[in-house]
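Peer 1: One letter stands for each residue in the lines below.
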Amino acid sequence: MSTKKFLYVNRKAPYGTIYALESLEVVLIGAAFEQDVSLAFLDDGVYQLAKGQSTEEVGMKNFSPTYRALGDYDVNKIYVEQESLDARGLTLDDLQPLTYEDEDDDWAEKDSIKVVSTAEMAEIMEQSDVVMSF
Amino acid sequence: MSTKKFLYVNRKAPYGTIYALESLEVVLIGAAFEQDVSLAFLDDGVYQLAKGQSTEEVGMKNFSPTYRALGDYDVNKIYVEQESLDARGLTLDDLQPLTYEDEDDDWAEKDSIKVVSTAEMAEIMEQSDVVMSF
Amino acid sequence: MSQLHTVNKSPLDRNALESAIQHATKGNAVLMIEDGVYGAMQGTQKSAIVSDAIGDISFYVMGPDLKARGIDEARIIDGIKVVDYSGFVELVAKHDATQSWL
Amino acid sequence: MSQLHTVNKSPLDRNALESAIQHATKGNAVLMIEDGVYGAMQGTQKSAIVSDAIGDISFYVMGPDLKARGIDEARIIDGIKVVDYSGFVELVAKHDATQSWL
Amino acid sequence: MKFSVMISEGPYTHQASDTAYNFTKAALENGHECFRVFFYHDGVNNGTRLATPPTDDRNIVNRWSELAEAHKLDMVLCVAAAQRRGIADADEARRNGKDADNIAPGFRISGLGQLIEAGIQSDRLVTFGD
Amino acid sequence: MKFSVMISEGPYTHQASDTAYNFTKAALENGHECFRVFFYHDGVNNGTRLATPPTDDRNIVNRWSELAEAHKLDMVLCVAAAQRRGIADADEARRNGKDADNIAPGFRISGLGQLIEAGIQSDRLVTFGD
Chain A
1 MSTKKFLYVN RKAPYGTIYA LESLEVVLIG AAFEQDVSLA FLDDGVYQLA
51 KGQSTEEVGM KNFSPTYRAL GDYDVNKIYV EQESLDARGL TLDDLQPLTY
101 EDEDDDWAEK DSIKVVSTAE MAEIMEQSDV VMSF
Chain U
1 MSTKKFLYVN RKAPYGTIYA LESLEVVLIG AAFEQDVSLA FLDDGVYQLA
51 KGQSTEEVGM KNFSPTYRAL GDYDVNKIYV EQESLDARGL TLDDLQPLTY
101 EDEDDDWAEK DSIKVVSTAE MAEIMEQSDV VMSF
Chain H
1 MSQLHTVNKS PLDRNALESA IQHATKGNAV LMIEDGVYGA MQGTQKSAIV
51 SDAIGDISFY VMGPDLKARG IDEARIIDGI KVVDYSGFVE LVAKHDATQS
101 WL
Chain Y
1 MSQLHTVNKS PLDRNALESA IQHATKGNAV LMIEDGVYGA MQGTQKSAIV
51 SDAIGDISFY VMGPDLKARG IDEARIIDGI KVVDYSGFVE LVAKHDATQS
101 WL
Chain G
1 MKFSVMISEG PYTHQASDTA YNFTKAALEN GHECFRVFFY HDGVNNGTRL
51 ATPPTDDRNI VNRWSELAEA HKLDMVLCVA AAQRRGIADA DEARRNGKDA
101 DNIAPGFRIS GLGQLIEAGI QSDRLVTFGD
Chain X
1 MKFSVMISEG PYTHQASDTA YNFTKAALEN GHECFRVFFY HDGVNNGTRL
51 ATPPTDDRNI VNRWSELAEA HKLDMVLCVA AAQRRGIADA DEARRNGKDA
101 DNIAPGFRIS GLGQLIEAGI QSDRLVTFGD
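Protein chains in written order, with our numbering: chain A, 1 to 134; chain U, 1 to 134; chain H, 1 to 102; chain Y, 1 to 102; chain G, 1 to 130; chain X, 1 to 130.
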C-alpha cells in the first residue's frame with residue numbers, strides 16, 4: 001500500500017458543533033493505516049486545543065483528553081497557526097501540551113505542537129496528498 | 001385568542017441551506033392565525049428575495065415564486081435592510097417586487113417591501129412580541 | 001419593551017454577534033451561549049465590538065459554556081455577567097421577547 | 001503540487017473565503033460553490049478580497065449555483081471563470097488535491 | 001411563566017438540542033411551565049428511537065423522552081420537516097407506504113400550526129438552532 | 001481517474017448532498033471512476049428509506065440509491081456516526097436491541113477505516129459539507 005501525506009484540517013470550535021470530536025475519531029482510526037499524518041489547527045479550530053476544558057455543566061462529553069493520546073498513535077505533527085491564536089488573544093500557554101516519545105532519539109519526550117505562520121501553514125497544505133476538512 | 005406581533009427574521013441565504021424555504025412554510029401556515037405578522041430580511045437573508053432565481057441546473061426546488069403569494073395571505077409588511085443590501089452591492093431593483101391589494105384603499109396594488117435602515121429594523125424587532133429566527 | 005438577544009456563534013467566524021449588537025436598542029440584553037461565548041473574551045480581534053457597546057446594552061455569558069471551552073472567567077471583558085441555565089431562564093422571563101441570532 | 005480550494009460559504013457571513021485565499025499559494029485555484037458564489041460578485045464589501053488575489057490565484061465559480069441565486073454573470077468580478085459540474089470535476093482532476101473550506 | 005421552545009437542529013451535530021434541554025429543565029425546576037417543545041428543520045432528528053450513542057456520552061433522545069414523561073411535556077415534531085428527513089410514527093409510516101417507523105417515546109408528529117399556537121399561547125418562545 | 005467523495009451533512013438542510021450528487025454524477029458521466037461515497041457526521045442521514053419528501057421536490061435518498069444501482073457505487077455510512085443519529089441496518093438494529101431499521105437500498109454501514117482507505121486508494125478525495 002502506498003504512503004500518502006494526509007492532512008486533517010480543523011477550523012471549527014469544539015462543543016458548539018460535533019465536527020472537532022468526530023474529526024478526532026477519524027484521526028485515531030486513520031493512525032492504524034501507517035500513512036504520513038499531519039493535523040492543522042487554524043481559525044476557530046485552535047480553540048479545540050484549549051486547556052482546562054470542563055463539560056460537566058453542559059452535560060456533554062469532554063473529549064479534550066483524547067488529543068493527548070495522539071502521541072501514542074504516532075500522530076505527532078500538529079500544526080497550530082500563530083495568526084489564528086493572535087486573533088483570538090491566545091498564546092501557546094493557553095493550549096494543553098501534546099507530546100510524543102521519539103523512538104529515533106532514545107524515546108525522549110518531545111512537543112507535538114508546532115506553531116506556524118499562515119505562510120507555513122499554506123505550504124503544509126500545498127504539500128498534502130489528501131486533505132480532510134471538518 | 002389574543003393578537004400578537006410576530007416577526008420572522010431571515011438572515012440566511014437561500015439554497016445553501018433549507019432555512020429560508022422552511023421559514024417561508026411557517027409564515028404561510030402562520031398566516032391563517034390572524035396575528036400581526038412582519039417579515040425581516042437582513043444580512044444574507046436579503047439574498048432570499050433576489051429576482052431571476054433559476055434552480056434547474058442544481059436540481060433543487062425553486063421556491064422564490066412562493067414569496068409572491070404572501071400578499072394573498074395578508075402578509076404585506078416585509079422589511080428589507082438597506083445596510084444589508086449595500087454591503088452586498090444590491091439595490092431594491094435586484095429584488096423581485098412583492099405586492100398586495102389594499103382592501104382599505106379600493107384594492108389598490110401596493111408594494112409589500114419596505115426598505116429600512118438598521119436603526120428602523122432594530123425598532124421593528126424591539127416592538128415584536130414573538131420573534132422567530134431561521 | 002425590552003428584548004433579549006442570544007448569540008451562539010463565534011464572532012471570529014460569523015457576523016451574528018456584530019449584527020445582534022447593531023440591532024439591540026438601548027436597554028436590551030445580549031446573552032452569549034455555546035460558541036458565542038468566545039465573543040466575551042478579552043484581547044480578541046472582536047473584543048471591541050462588545051466593550052464599545054457595554055453600558056447601552058447589558059451583556060451576559062453562559063458560565064457552563066465558558067467552562068466547557070476552558071475559558072477562565074478572569075479572561076472575560078469587564079462588565080459582562082456570567083450566568084448559568086437558571087440565569088438564562090430568568091433573563092428570558094425578565095425581557096419581553098427573545099431573539100436568537102442563528 | 002497545486003491545490004484546488006473549494007469555498008461554499010458567503011463571505012458576508014463567514015471567514016472561509018478570506019481564510020482560503022490567505023492559505024492558497026501561487027498557482028492554486030479557488031472554486032466558489034453553493035453560498036460561496038456570493039463571493040464572486042462585484043461591488044460587495046468583500047469583493048476586494050478576491051480581486052486583489054486574482055492573478056496569483058485562479059478563481060472559478062459554479063454557474064448552476066449563480067443561476068439558482070439569481071446572480072447574472074455580468075455581475076461577476078472580472079477574471080473569474082464560470083464552470084458547471086463537469087468543469088468542477090475537471091478542476092479536481094487537474095489539481096493534485098482538493099481542500100474544502102467548510 | 002409559560003415558555004415554549006423551538007429546536008432547529010438534530011442531536012449531537014449542533015449544541016442546540018443540549019442547550020434547549022438544559023434551558024427547559026432549568027425552567028421547569030424553577031417553577032415555570034413549558035407549553036410545548038417544537039422540533040423543526042433537522043430538529044426532528046431528536047425524535048428517533050433508533051439512535052445508539054456511545055455509552056460514555058449523553059443519550060440526547062432518551063433525555064428528552066424522560067423529561068417529557070416526568071413533566072408531561074408536549075413534544076411535537078413538525079410533520080413536513082419529519083417527512084423530508086425520514087422520521088415517522090406508525091400513522092405516518094402507513095400513510096406514506098413505509099415498512100417501519102422510528103419515532104421515540106414522548107414525541108408526537110403534528111403540523112406547523114402547533115408552532116404558531118405555541119407562539120400565541122406562551123409568554124415566551126425561545127429558539128435554539130444553528 | 002479514481003475519485004472518492006465524503007459527504008458530511010444530511011439531506012435537504014444543507015446543499016452538500018446535492019452538490020456531491022451532481023459532482024459524482026458528472027464525474028461518472030465524464031468517464032471517471034468512483035471508488036467510494038462515504039457519508040460521515042450528519043451525512044449518514046442521507047441513507048434512510050423512511051423519508052417522504054414533497055412530490056414537487058427532488059428525492060435525495062432515492063437519487064443516491066438509483067445512482068448507486070446504475071453505477072455499482074459503493075456507498076458507506078459511518079457506523080459510529082450512524083449509531084449516534086439513529087440510522088441502522090438489520091444487523092445494527094439487532095445488535096443494538098432496536099425493533100426496526102431504516103437504511104435505504106444501496107447503502108451499507110461500515111467503519112471509518114473505509115474513509116481512510118478511500119483516501120489512500122483514490123486519486124482524489126473531495127469533501128462536501130457545511
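Worth flagging that the hints you see were computed from the coordinates, not collected in a lab.
Here a beta-carbon is modelled for each residue, glycine too, at the ideal position from N, C-alpha and C.
Don't take each hint at face value.
What the hints assert, rightly or not - Which chain G residues stay away from chain H? Per the calculated CB distances, all over 12 Å, these:
1. S8
2. E9
3. A16
4. D18
5. T19
6. N22
7. K25
8. R63
9. S65
10. A80
11. Q83
12. R94
13. D123
14. D130
As the list claims (entries may be wrong) - Quick list of in silico lysine-lysine cross-link-like pairs, DSS-like style, CA-CA up to 27 Å:
15. A/K61 to A/K77
16. G/K72 to G/K25
17. Y/K46 to A/K5
18. X/K25 to X/K72
19. X/K72 to Y/K81
20. G/K72 to H/K81
21. Y/K81 to U/K51
22. X/K72 to G/K72
23. Y/K81 to Y/K94
24. U/K61 to X/K25
25. G/K2 to U/K4
26. U/K110 to U/K5
27. U/K114 to U/K5
28. A/K114 to Y/K81
29. H/K26 to H/K94
30. G/K2 to H/K94
31. H/K26 to A/K114
32. A/K61 to H/K26
33. A/K77 to A/K51
34. H/K94 to G/K72
35. A/K51 to H/K94
36. Y/K26 to Y/K46
37. Y/K94 to X/K25
38. H/K46 to H/K81
39. U/K51 to U/K61
40. U/K4 to U/K77
Peer 1: Now tell me if each hint is right for this structure.
Peer 2: Going through the hints against the structure:
Separation of G/S8 from chain H is inadequate, the least Cβ-Cβ distance of about 7 Å not exceeding the 12 Å criterion. Chain H draws G/E9 into its interface by the beta-carbon criterion, the shortest separation being 9 Å against a cut-off of 12 Å. With a least beta-carbon separation of about 8 Å from chain H, G/A16 fails to lie farther than 12 Å from that chain, contradicting its non-interface assignment. Listed as outside the interface, G/D18 is inconsistent with that label: its C-beta sits roughly 9 Å from the nearest C-beta of chain H, within the 12 Å cut-off.
Interface exclusion of G/T19 from chain H breaks down, the closest Cβ pair being 6 Å apart, not more than 12 Å. Not every CB of chain H is more than 12 Å from the CB of G/N22 (nearest about 5 Å), against its label as outside the interface. Against the 12 Å criterion, G/K25 falls within the reach of chain H, whose nearest CB is about 7 Å from its own CB. Interface exclusion of G/R63 from chain H stands, the closest Cβ pair being 14 Å apart, more than 12 Å.
Under the 12 Å C-beta cut-off, the non-interface status given to G/S65 relative to chain H holds; the minimum distance is some 20 Å. With 12 Å as the threshold on Cβ separation, the claim that G/A80 sits away from chain H holds: the shortest Cβ distance comes to roughly 19 Å. Residue-level check passed: G/Q83 sits 23 Å from the nearest beta carbon of chain H, beyond 12 Å. Even its closest Cβ contact with chain H, about 35 Å, leaves G/R94 beyond 12 Å, as expected for a residue assigned away from the interface.
Residue-level check failed: G/D123 sits 8 Å from the nearest beta carbon of chain H, not beyond 12 Å. Not every C-beta of chain H lies more than 12 Å from that of G/D130, the closest at about 6 Å, which undercuts listing it as non-interface. Of the supplied pair hints, the one linking A/K61 and A/K77 holds, its CA atoms being roughly 25 Å apart against a limit of 27 Å. Distance restraint check for G/K72 and G/K25: the Cα-Cα separation of roughly 12 Å lies within the 27 Å cut-off, and the hinted pair is therefore satisfied.
Of the pairs offered as hints, the one joining Y/K46 and A/K5 is violated, with about 33 Å between alpha carbons and a cut-off of 27 Å exceeded. Under the criterion of a C-alpha separation no larger than 27 Å, the hint pairing X/K25 with X/K72 is consistent with the structure, at around 12 Å. Under the criterion of a C-alpha separation no larger than 27 Å, the hint pairing X/K72 with Y/K81 is inconsistent with the structure, at around 33 Å. Between G/K72 and H/K81, the direct Cα distance comes to roughly 33 Å. Violation of the 27 Å bound is thereby established for this hinted pair.
Restraint check for Y/K81 and U/K51: the C-alpha separation of about 23 Å stays at or below 27 Å, so the hint holds. Between the alpha carbons of X/K72 and G/K72 the distance comes to roughly 49 Å, so the proposed pair goes past 27 Å and is violated. Straight-line distance between C-alpha atoms of Y/K81 and Y/K94 comes to about 15 Å, which keeps the hinted pair within the 27 Å bound. A hinted pair counts as satisfied when its Cα atoms are at most 27 Å apart, and U/K61 with X/K25 qualifies at roughly 19 Å.
Straight-line distance between C-alpha atoms of G/K2 and U/K4 comes to about 15 Å, which keeps the hinted pair within the 27 Å bound. The straight-line distance between the Cα atoms of U/K110 and U/K5 is roughly 22 Å, inside the 27 Å bound, and the hint therefore holds. At most 27 Å may separate the alpha-carbon atoms for a hinted pair to count; U/K114 and U/K5 meet this at roughly 17 Å. Taken as a hint, the A/K114 and Y/K81 pair is broken in the structure, with Cα atoms around 37 Å apart against an allowance of 27 Å.
Note on H/K26 and H/K94: the hinted pairing holds, with a Cα-Cα distance of about 16 Å set against a maximum of 27 Å. For a cut-off of 27 Å, the pair hint linking G/K2 to H/K94 stands: about 13 Å separates their Cα positions. Straight-line distance between C-alpha atoms of H/K26 and A/K114 comes to about 45 Å, which puts the hinted pair past the 27 Å bound. For the proposed pair A/K61 and H/K26, the alpha carbon gap of about 38 Å is over 27 Å, so the pair is violated.
For the given pair, A/K77 sits about 19 Å from A/K51 by alpha-carbon distance, which is consistent with the 27 Å threshold. Restraint check: the Cα-Cα separation between H/K94 and G/K72 comes to about 25 Å, which is no more than 27 Å; the hinted pair holds. For the hint pairing A/K51 with H/K94, the CA-to-CA distance comes to about 35 Å; that exceeds 27 Å, so the pair is violated. Restraint check: the Cα-Cα separation between Y/K26 and Y/K46 comes to about 21 Å, which is no more than 27 Å; the hinted pair holds.
For the proposed pair Y/K94 and X/K25, the alpha carbon gap of about 18 Å is at most 27 Å, so the pair holds. Restraint check for H/K46 and H/K81: the C-alpha separation of about 18 Å stays at or below 27 Å, so the hint holds. Under the criterion of a C-alpha separation no larger than 27 Å, the hint pairing U/K51 with U/K61 is consistent with the structure, at around 15 Å. The hinted pair formed by U/K4 and U/K77 meets the criterion: a straight-line CA distance of about 14 Å does not exceed 27 Å.
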